[in-house]
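Hints given; two lone chains; assemble the complex.
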Amino acid sequence: MTAATDNAFVVFDRVQKSYDGETLVVKDLNLDIGRGEFLTMLGPSGSGKTTCLMMLAGFETATHGDILLGGKPINNIPPHKRGIGMVFQNYALFPHMTVAENLAFPLEVRKIGKSEREEKVQRALDMVQMGAFGGRRPAQLSGGQQQRIALARALVFEPELVLMDEPLGALDKQLREHMQFEITRLAHNLGITTVYVTHDQTEALTMSDRVAVFNDGRIQQLAAPDELYEQPQNSFVAQFIGENNTLMGTVKEIKDGVALVVLDDGEVIDAKPVNVSNPGDRTLVSIRPERVEINKDRLSPDAHLVHAEVLEFIYMGDIYRTRLRVAGNEDFVIKTRNAPDQRRLKPGEHIEIGWLPQDCRALDAP
Amino acid sequence: MSDATSTGPMLAADGTPLKRSLNRALRAQKLRALMLIAPLLVFILVTFIAPITDMLFRSVENQIVSDTLPRTTRALEGWDHNSGELPSEDVFAALTYDLVAAAERKDHTRLGTRLNYETTGMSSIFRKTGRRIDDFGETYMDQFAEATPDLAAPETWVTVMADPGWRADYAAWEAARAAARETGRDFDRPPPLFRLKNGVADILPEAADVYAEFARIAQVENGDNPAEEEPWAPVYLALYRDLMHVGPGAIERLDDASRATLAPAHDAVAGFQSERLADLYLDADKGWGEPAIWSTIQAFSSNYTPGYFLASVDLRQTADGVAMQDEDRRIYIMLFERTLFMSLAIMGACILLGYPIAFLLANLPLRTSNVLLILVLLPFWTSLLVRTSSWKVLLQQQGVINDVLVWIGLVDNANRLVMINNQFGTIVAMTHILLPFMILPLYSVMKTIPPTYVRAAKSLGASNWTAFWRVYFPQSVPGIGAGCILVFILAIGYYITPELVGGTTGTFISNRIAYHISSSLNWGLAAALGSILLAVVLLLYWIYDRIVGIDNVSLG
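Residue numbers (the numbering used here), protein chains in the order written: chain A, 1 to 366; chain B, 1 to 556.
Keep in mind the hints are simulated off the structure, nothing from the lab. One thing to keep in mind: the hints can contain errors.
[Said to hold, decoys possible] Pulled a few chain A residues facing chain B out of the computed Cβ check, cut under 8 Å:
id, residue
1, A57
2, F59
3, T63
4, A92
5, K114
6, L311
7, Y315
8, R321
[Claimed, not checked] Pair ranges (Cβ atoms, derived):
id, chain 1, residue 1, chain 2, residue 2, range
9, B, R367, A, Q358, 52 to 62 Å
10, A, S115, B, P17, 57 to 67 Å
11, B, F468, A, A224, 41 to 51 Å
12, B, R367, A, E101, 33 to 43 Å
[To be verified] To list a few chain B residues with every Cβ distance to chain A over 10 Å, as calculated:
id, residue
13, P17
14, S301
15, A349
16, L372
17, L375
18, I401
19, D403
20, I485
Ideal Cβ positions, reconstructed from N, Cα and C, are used throughout, including at glycine.
Pulled out of the complex, with its shape left as it was, chain B reads as follows (with noise of 0.2 Å):
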């Protein structure tokens, strides 16, 4: 110490300050221990951190409505779902824009999966519409190959809308095709990306925006040269609706390739005989008809949503804020408590016959302590199934404990007891399941329990069950606590027994979330599902901390 009176930091021996150099001593113990624990951690992070991280986020996650629906989404921001009345042609359009595209990518019954979770019926609508959406215009397209016939040719639609660089890289790309096909060389550069000419989507923004979705499309999933495919119907009314809506001026400031063919469409389409978009939709499916099916459109279109939450807890996101579920759909809210209160009661009964035979094992002498060990860990030798599937033998009408009831006579053969495929059965066989985790650190914590501490209590005139009470079962707590969390949390979460003897009154929400894993697909609810049980399991660590604290569980 250079300086004891000031009043600076402790230096070293160099006149560094002390901490400065105590932790360059301990850097290199640390970077060891940290590198003694990377395969683990990594592990922990790839297994366990990164699942649950992906778990919360799927929970929340619903960019599919506004990926699949980019235009409609935008289109409905303007619209009240408060009116009663059915959005308007616009809206029409952009989503026959968003859904031609989406029949095309088959990404349309995706979504009509994903909004038929939240309002039944949808999946219908968008199946049957995705089948009738390349009809949508073609009305005009007629009008247009009668009006003005070079629209009917793929190329003429290139020549409009097409970067003329785009033209150029396509036709070299095309060309150095050609040139590798005939030497036989592997050819497989991707072709150049379709890129719109400029100043084209300021005047034609639907159609350019439609015909570029398109083009991409030809080209990315299905390989074609957008020059040779003829466009989709809905391109046609996308045209139609922006010549309607542009003066001459606009086409005027086209190039002159593009104003040859589209000053005649341009003079053509008012006198075009116009569709009501809505009408088609209709037609196609009655649901269009309902602003139900829209306000879940709007109510879905941001990318989080908080509607899995709202539906684990039966509650339900409308556009005009949540609501309870119907009546017949509450299930989950239920389950939670069913779940909750089963594994509170298999708990209860594993402290109630784990507590003796820890009791027991630790009093006894060593080699019988040990005997009855093994017969506590026996269970963990056979097969969970197997155990499971034994407690059916015993427990069914037929079954072992059934018969021998009858032969005693306890119960009539007529009214024999229903043990099984109800919650009674689950309780019974997840106990025996999870009885030695409250066993284990019961015995390993009463082992450290001195026998001379009943003995003092004893000696100063406790009697048995006083010493008992007051002095030994207040040390055997920690044991208890971490026997509780142990066994709660596994039953909790909980899955192959309920399914197996749980019948329909005794499953747990595990199944429930297995059930949305496997069987409906909705990965999104299971997600909110599992992330609400994490965190009641959470919670009621935390409320274990505050109550017993969590310094107070030992295993020993």
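In isolation and in its complexed conformation, chain A is listed as follows (with noise of 0.2 Å):
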């Protein structure tokens, strides 16, 4: 990730905060945004994500490195002369003022005239279908109008850059999704950069042109959703993003692109090297729970299988969920898909697992 990329608008350059002193809470960070894109900070809390996103805002000043905007650095420029657009974690809606008010409150302080701040008002409102509640007072809103209206307030004066932070924290799950996807038309629709906090994965996977994941103070994977989740980097990312098996093994040998992995009960299996590269390197293999294949028949006939012990079988409607012991793991999970030829596995029954070798991936052991 270099500093120059053409069509990036929001340019991390060799970021670092600290508050104290003596520790970095952020390391190092590069990242390059484009115009247009929806990136999603994601992180456990204290990963140093909302301290990138108030660095961006101008609520923060970076220790050290450069933040540009458009291609300017924007470190000494006061927060209210930036022109980002943000979502506060409990919206901030100014209380004393009604929802028309809060609105209107970026157009008068860049001076737009009556007739167009109310215009603009109306139409923010309208975006949010949100039109008839411009008279009331935002305790008299629901969380969930609450949040279009922190939208709204966001968006009315038309700003290039739009950051959230975990804007969709206070809501029920329902509600949640339902905005996620109301959010995600908008970003698009808009054509606005956005850059959005949160620690949850599923908000990140669903919303996001890209995702960057935090932790310790550094971007362990900037990728898009699919790429995140179906080929992880390293095994913090493995195991934050979804539900996921690992084993615990040592490379033996890596040929044609495919390891082979000893794992600690002496099984064999075979996995796809991501950051192992020299056999005898103690590593950490991941399998997606749904990728993991209990009939043989779908399986090369050169694979390596494992064998399995059943502890458990859950029935979840659309899924099966079974659980079982592999290699000395007593939480191997898989899930098979609700299907009239699908096996139902039972307690205490002894089968033999396998599954494409790109499916499992050979990480770092951390």
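This is the structure:
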């Protein structure tokens, strides 16, 4: 990732941030965000994602490095001159103003005339389907409605970049899913660049063009959602995104892009080497539950099979979820589709399982 | 619900109306809550509501005039104060009866003090007259003694006036007392109270009235037997006036014993040398010759008076109605205005000084803000007197601040600034004392304003000032409101600081109230001033509620 990507709209160039002068909260961050892109910063709390957002918004200053917006460094520009829309975790709607006054606020401070202001406010309200609520106070609105207003307020002055700091955290699941859809639709329709911070991986996967997974002050992986899910670059990403089965082992040999891994109980499996390179490396092998195959016929004849004992079978409607003991790991989970020809495994049953080598990724041992 | 379609009240499962069964269920709960607050309720009733009620009552109460001069006030009803003439002899006679009784009970000086609030000079008139009132009617006493020597004997008066039943009771009581003395037992039964003979009041109304008064005072105040006491001279005056009015037929209706005494007296009175009462009064004090004195008594003869309230706003009640107080006696309106103005100034100063401090406190890290908060509270741990005195040290003309200013050369040694014993001194000292009451509510309200609001405002394009003024400040208004109400109400009734540093131009109405309570003892006026102060505070509170809204006040 270089700082000089042509269509990069926002650039973090070797940015570091420390609050106390002793520890770095953000360590050497390099990130390009394209114009019109929906980028999500995903990570556990304390991973530095919110700090990055605050530096971009101007509420925190970078200890080292440059942040560029549209090619210009913005380190010394105060927040109110950056022209970045922002949606806050608790909405931060001004409680003493009506909805319409809240929306008119950014236009007023920009000295936009009254008639144009009213027109823009109404358009923004209509955009989030809240056209009739202009006269209400924020306290009279439900959480979801407040969320829409906060969104409309961040968009009403037509910023090129919108930041969202865990905006859906306070909503219930159904509303959250609905709003996820609304936000992505709006962002794409308006062509705005969006930087979205969340610790909810489903949200990150469903909404984003690209996801930056943060941990320990660094971006662990920056990729499109499908790539992130299917091809995690390291064990943190593999474990953080989605459900995953992990097995510890040692690389025996790497040949033709396939690594032969000896698990700790002596069984041998095939895996795709991701960040192991030498025989003898300790490795963490990761397999998605839905990529485990219990039907030998679907695998190539020379595929390595692993012995497993069924511990638990859970019927979940659309899928079956079965817990197995594999190579000493009692939390090995497989998901099988509920189909007419699908077998229902019984606890105590001993079976053989396998997978395609590319679905099983040999990652660094944590 | 027994019947959902009926239009009657909702019924509970057992058929009673739901409202009633709900009330029953809640009653025990309410009762328990009431029990819990009962001690506080009683405390507040006793220490707060009762004194305020008493104060309100005192500010209009005026029974002393009609209590002390009942006959006079009745007699004065017919007098026209505009005539410019003195009241009739009847009024003077009534006043004589009232005054002699009052002087006997030593009430006349209190009455004089009370009326002196309204018309100066009344106090000395009553005091002087009270000393001589015993002699009024002496002429008649002497002439009666000459004409009917019987009347000089106290026993005769009892024969004429007293109810035979009472005499028997009294004799029995005396016998019982004597018996008790003999045996050495304690005897604390009170003597039977004097009763007038039936019918005597119809024939000799004034004499009976005054004699009854005399007998009661002799009994109750002095513990004497009326049969052994010589009546007051005004009793003879009353008898003279009665006998001059009644015909011989009336005397005939009296019992034998009385008739034997009074028939010759009645025959003799026509030949008595009479004496004008008005002259006696004028002789005692020339003031009685002024109709103004009489009209004051008349104006304040009712049980309740607006006089104290009128005096509180520099008005005066006269017999003609309400008039402005004399120019040189108008001080209360000015004092009220000054109190309001200075309280507002103190409140304003507290906002100006307190807001930045509260803002700082609310936005510093907790550890630092706690230390600062202790500094804010520090004055509370120092005695109010010490703090006020320290301002004296700082502000006086030979004080620290003047010394420093002279030393720097900003002020010439010859004209040092006068900063104390005036309004400036009071405002400075009271702002200092009341500042924490502004800071604390402000701080607790500001503490609840999340920093994201200002951030949001800035991200929306507002400059620091706009973000503060449009977003932060409106949300801190409830704190300002609470602080203002606290500071203003405390300031408006403040007493000790203005007393110490206010001099003459920096004192409040409360200082005047304290003066009336403890020095001039005009409690009625003090109560009226206090009631007006209370009303002003309530009025301002109401105005505040209308403008800002009282639900917009928050202590955090």
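Hint check:
1. A57: Constraint on A:A57 satisfied, holds at 6 Å.
2. F59: holds, 6 Å
3. T63: violated, 20 Å
4. A92: Because about 4 Å separates A:A92 from the closest Cβ in chain B, which is inside the 8 Å limit, the hint holds.
5. K114: violated, 17 Å
6. L311: With a closest approach of 47 Å, the A:L311 hint is violated.
7. Y315: violated, 42 Å
8. R321: The hint is violated - A:R321 has no Cβ within 8 Å of chain B, the shortest such distance being about 41 Å.
9. B:R367 with A:Q358: 52 to 62 Å: Given a distance of about 56 Å, which is inside 52 to 62 Å, the answer is holds.
10. A:S115 with B:P17: 57 to 67 Å: About 59 Å separates the Cβ atoms of A:S115 and B:P17, which means 57 to 67 Å holds.
11. B:F468 with A:A224: 41 to 51 Å: holds, 43 Å
12. B:R367 with A:E101: 33 to 43 Å: Given a distance of about 37 Å, which is inside 33 to 43 Å, the answer is holds.
13. P17: holds, 35 Å
14. S301: Check passes; 59 Å lies beyond 10 Å.
15. A349: B:A349 is indeed farther than 10 Å from all Cβ atoms of chain A, at 26 Å.
16. L372: About 22 Å separates B:L372 from the closest Cβ of chain A, which puts it past 10 Å; holds.
17. L375: holds, 27 Å
18. I401: Given a closest Cβ separation of 41 Å, the condition holds.
19. D403: holds, 46 Å
20. I485: holds, 20 Å
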